[in-house]
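Construct all of the structure, not just a fragment, from the sequences and the given hints.
These protein sequence lines map, in sequence, to chains P and B. Just so you know, the first sequence maps onto residues 0 to 432 in numbering that gives the first Met the number 0. Just so you know, the second sequence maps onto residues 0 to 432 in numbering that gives the first Met the number 0.
Honestly, I wouldn't trust all of these hints.
Unchecked claim - Here are the simulated EDC-like pairs of lysine to aspartate or glutamate, each with C-alpha atoms no more than 20 Å apart in a straight line:
| hint | chain 1 | residue 1 | chain 2 | residue 2 |
| --- | --- | --- | --- | --- |
| 1 | P | Lys145 | B | Glu325 |
| 2 | P | Lys201 | P | Glu319 |
| 3 | P | Lys145 | B | Asp317 |
| 4 | B | Lys145 | P | Glu273 |
| 5 | P | Lys145 | B | Asp57 |
| 6 | P | Lys145 | B | Glu312 |
| 7 | P | Lys54 | B | Glu210 |
| 8 | B | Lys421 | B | Asp317 |
| 9 | P | Lys145 | B | Glu210 |
| 10 | B | Lys54 | P | Glu273 |
| 11 | P | Lys80 | B | Glu273 |
Unchecked claim - Covered stretches of chain B (chain P as the covering partner; in silico rule of three or more C-beta atoms under 8 Å from a C-beta of chain P):
| hint | segment |
| --- | --- |
| 12 | 65-73 |
| 13 | 85-93 |
| 14 | 97-105 |
| 15 | 207-217 |
Hints are computed from structural coordinates only; laboratory data are not their basis. Beta carbons are placed, not taken as given, at the ideal position from N, Cα and C, and that holds for glycine.
Protein chains: 2
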Amino acid sequence: MDNKKSKEEQSIDRRDFFRKTAAMSVTALAGTSLLSSNAMADDPAIMNHTAWGQKWGDPVTANLYGVPSAYEHNVTRRNTKLLASGNFRASIAVTPIHESQGIITPNGLFFSRSHGGTAHVDPNEYRLMIHGLVEKPIVLTLAQLKRYPSVTRTHFIECPANGGQEWRGPQFNSVQFAKGFMASAEWTGVYIKTILEDLGLKPEAQWMLAEGSDNSKMGRTVPVDKVLDDAMIVWGQNGEALRPEQGYPVRLLLPGWEGNLCVKWLRRLEFATEPWYCKEETSKYTDLKPTGKAIQHFYANEVNSTVVSPSPEIPWTDLEDGAVVEIEGLAWSGMGTITGVDLSFDGGKNYVEAKLKGLVLPKSWTRWSFMHTYKKGDRLLLTSRAMDDAGYIQPTIDEEVSIMGVEAVYHRNAVETWEVTKTGEVNHVQIRS
Amino acid sequence: MDNKKSKEEQSIDRRDFFRKTAAMSVTALAGTSLLSSNAMADDPAIMNHTAWGQKWGDPVTANLYGVPSAYEHNVTRRNTKLLASGNFRASIAVTPIHESQGIITPNGLFFSRSHGGTAHVDPNEYRLMIHGLVEKPIVLTLAQLKRYPSVTRTHFIECPANGGQEWRGPQFNSVQFAKGFMASAEWTGVYIKTILEDLGLKPEAQWMLAEGSDNSKMGRTVPVDKVLDDAMIVWGQNGEALRPEQGYPVRLLLPGWEGNLCVKWLRRLEFATEPWYCKEETSKYTDLKPTGKAIQHFYANEVNSTVVSPSPEIPWTDLEDGAVVEIEGLAWSGMGTITGVDLSFDGGKNYVEAKLKGLVLPKSWTRWSFMHTYKKGDRLLLTSRAMDDAGYIQPTIDEEVSIMGVEAVYHRNAVETWEVTKTGEVNHVQIRS
Chain P
0 MDNKKSKEEQ
10 SIDRRDFFRK
20 TAAMSVTALA
30 GTSLLSSNAM
40 ADDPAIMNHT
50 AWGQKWGDPV
60 TANLYGVPSA
70 YEHNVTRRNT
80 KLLASGNFRA
90 SIAVTPIHES
100 QGIITPNGLF
110 FSRSHGGTAH
120 VDPNEYRLMI
130 HGLVEKPIVL
140 TLAQLKRYPS
150 VTRTHFIECP
160 ANGGQEWRGP
170 QFNSVQFAKG
180 FMASAEWTGV
190 YIKTILEDLG
200 LKPEAQWMLA
210 EGSDNSKMGR
220 TVPVDKVLDD
230 AMIVWGQNGE
240 ALRPEQGYPV
250 RLLLPGWEGN
260 LCVKWLRRLE
270 FATEPWYCKE
280 ETSKYTDLKP
290 TGKAIQHFYA
300 NEVNSTVVSP
310 SPEIPWTDLE
320 DGAVVEIEGL
330 AWSGMGTITG
340 VDLSFDGGKN
350 YVEAKLKGLV
360 LPKSWTRWSF
370 MHTYKKGDRL
380 LLTSRAMDDA
390 GYIQPTIDEE
400 VSIMGVEAVY
410 HRNAVETWEV
420 TKTGEVNHVQ
430 IRS
Chain B
0 MDNKKSKEEQ
10 SIDRRDFFRK
20 TAAMSVTALA
30 GTSLLSSNAM
40 ADDPAIMNHT
50 AWGQKWGDPV
60 TANLYGVPSA
70 YEHNVTRRNT
80 KLLASGNFRA
90 SIAVTPIHES
100 QGIITPNGLF
110 FSRSHGGTAH
120 VDPNEYRLMI
130 HGLVEKPIVL
140 TLAQLKRYPS
150 VTRTHFIECP
160 ANGGQEWRGP
170 QFNSVQFAKG
180 FMASAEWTGV
190 YIKTILEDLG
200 LKPEAQWMLA
210 EGSDNSKMGR
220 TVPVDKVLDD
230 AMIVWGQNGE
240 ALRPEQGYPV
250 RLLLPGWEGN
260 LCVKWLRRLE
270 FATEPWYCKE
280 ETSKYTDLKP
290 TGKAIQHFYA
300 NEVNSTVVSP
310 SPEIPWTDLE
320 DGAVVEIEGL
330 AWSGMGTITG
340 VDLSFDGGKN
350 YVEAKLKGLV
360 LPKSWTRWSF
370 MHTYKKGDRL
380 LLTSRAMDDA
390 GYIQPTIDEE
400 VSIMGVEAVY
410 HRNAVETWEV
420 TKTGEVNHVQ
430 IRS
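Shown next, in the form of structure tokens:
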């Protein structure tokens, strides 16, 4: 845990500190030469000749709801026609994970997938019906729903199609498009089990239908065991109301399971003895195997990882020979907690252990890093491989394809590889034996 | 930790669950009556007669950087002329903590205090100079700074004047204005000790000057022990670049210490043997005692807490007699980790123990709650009192005033009280013996 000091950190007193001082090299770490005091005196940013240092800034009332710096205008969600399925409503906008930091994605950049566009729901007209095999069926207003005792948890949401274009080989030379069908947030809402303690679930109930109130009426069926484990109805994301594209005012959250199951603009939960076999769980979100049969009722996003820096968006073309550079990535598992990440420089033949950074939480993004000394002219094949406490490890592409073939769009969690060329460009490649 | 299942949670299997079912009452918890199936059939939100259920939503490309629902337009930072010191540049915009959830404040709502307005810094022109008693003084570009190995940690930042209007009695009948000079975020940057290992701090260095590059040239001096403990230079906030009003591209972060020490638009760190005695640490940000002498060099925001719901902004006027309602609050300490929160219904005479909710991290917001059965017609005096692992507990107002008098603007951490009137309105009151 980053927020707890390690014993090693605690033991650094000032004497130890001065002993360690100068063990690193400025040129290697910051990639710069020391500047003379003359150079300092010439630097406008230091000598107060900057435009921003000589005039009033904006009043605090200028943006009572703040926005990013104009210099960050390139950091956005993105879409391409390749992902648009004919229009930009039944579509996706993906997260710039190469620009991500820590394990929180700001709400403005949280990936968005909808089947009929972003609905704008009036919270005063909003209703949630809970019915079927419950003792006391109910219709709740938003205010009534929020009266239940709330919980807050940090979880990723991932589209099961994340990386699903890549079965036959790299389609996007971009980590945002290849792996950005996901994001992570702090969610606030109520456990459905808390509501069911109130309403009384009938013992014969085995399945729950969740249905959206938007024009697409997204419907998915969830096993009751998951509902009674950690399923939530959420209204808060990163400390404020859900955004419209995340289902404002209320969505379902099934931690670690397919994003499309986390039904947005949620209007109805119904309990029954059998699954519903809705359109979006038969014609879609099933995996066609080489045998011609499809896998149904498999919901968890399995253990996965990616390098985010370097990446096609963050090349090493400016790195000098001998530079010390932090290789960073994300790991996640819908089945538990990340226990480790390995990193390979030769496309998966040999691995070294990477370091987990910051908070390590179940069914949450986990950030990892490895300090590397860059040798100019080397060609590298960077591959990461994550493990979780459910006992799983990411497969190779060969292993995954041998079981699933190349027609299954969903649940692709094989390792990914970035090629770092001799000149420091980074390309998405696929390593097969 | 909320993200770890308690033993109790783990032991709930389905059989246990059905046994517990119906132990709560719908009318008490959700504050509603059960609706008949006729009522369901009449409800437009259930029967799909809503405006948003019958038309296309927005394309995913409509907001590539997303914004809140228009229905949330009242959830903003706020300012009043009372806090504006003559203009809205040397001023503050405070966080709607009554609308907060979890321990992350979205960047758009993070409280903002500046001494010359919000500077708009060009990241390409940005420079950071580190000099004085270091072996290797340096000027870094932003890219060079970001080459250092990064860390991510969750911390609050609080203005030491939070609640400082209240020494003589309540000034604002509002939790946002009385206690919202703070917010909490996940910060990404580099420990200054990491940079100093590289540059070589000279053993005689005892103090560090931090100076901003905006027009106010905010300057504060920091003891080297804090610098070598957990001081950070940060460029990331909740997974994206700092916002302009938080010091884009770079600010200082001294976890748990006064917000004004966390210098924004940071341009310079200088190390020396003596403190600087800058304007903002002599004429301001010192505490005038009844003796006429002022306290200097006291930096930590001490253990503190507040009830956020109910509050003047969230009254109980709609609650029915017998309703079960969650009383929620925040606790925080700049000296360590929150170990407990007590809640009083009689203004501090008697206390019961509240429950800590979710992640409990050092120098971070900690959320707490207490389930309460509301009795219509009762008058309550809600007072919370937090404790930390540094061994401190919030004082009463009498205790604090007896030591500090009523002229000290800063570091007021005495308990606060909300009066819940017989009709459910909530007022900010002060309880003195």
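Consistency of the hints with the structure:
no.: 1; hint: P:Lys145 - B:Glu325; verdict: holds (10 Å)
no.: 2; hint: P:Lys201 - P:Glu319; verdict: violated (66 Å)
no.: 3; hint: P:Lys145 - B:Asp317; verdict: holds (14 Å)
no.: 4; hint: B:Lys145 - P:Glu273; verdict: violated (54 Å)
no.: 5; hint: P:Lys145 - B:Asp57; verdict: violated (27 Å)
no.: 6; hint: P:Lys145 - B:Glu312; verdict: holds (16 Å)
no.: 7; hint: P:Lys54 - B:Glu210; verdict: holds (17 Å)
no.: 8; hint: B:Lys421 - B:Asp317; verdict: holds (12 Å)
no.: 9; hint: P:Lys145 - B:Glu210; verdict: violated (45 Å)
no.: 10; hint: B:Lys54 - P:Glu273; verdict: violated (31 Å)
no.: 11; hint: P:Lys80 - B:Glu273; verdict: violated (61 Å)
no.: 12; hint: 65-73; verdict: holds (count 7)
no.: 13; hint: 85-93; verdict: holds (count 6)
no.: 14; hint: 97-105; verdict: holds (count 8)
no.: 15; hint: 207-217; verdict: holds (count 4)
Checked against the numbered hints given earlier, this structure breaks hints 2, 4, 5, 9, 10 and 11; the rest are met.
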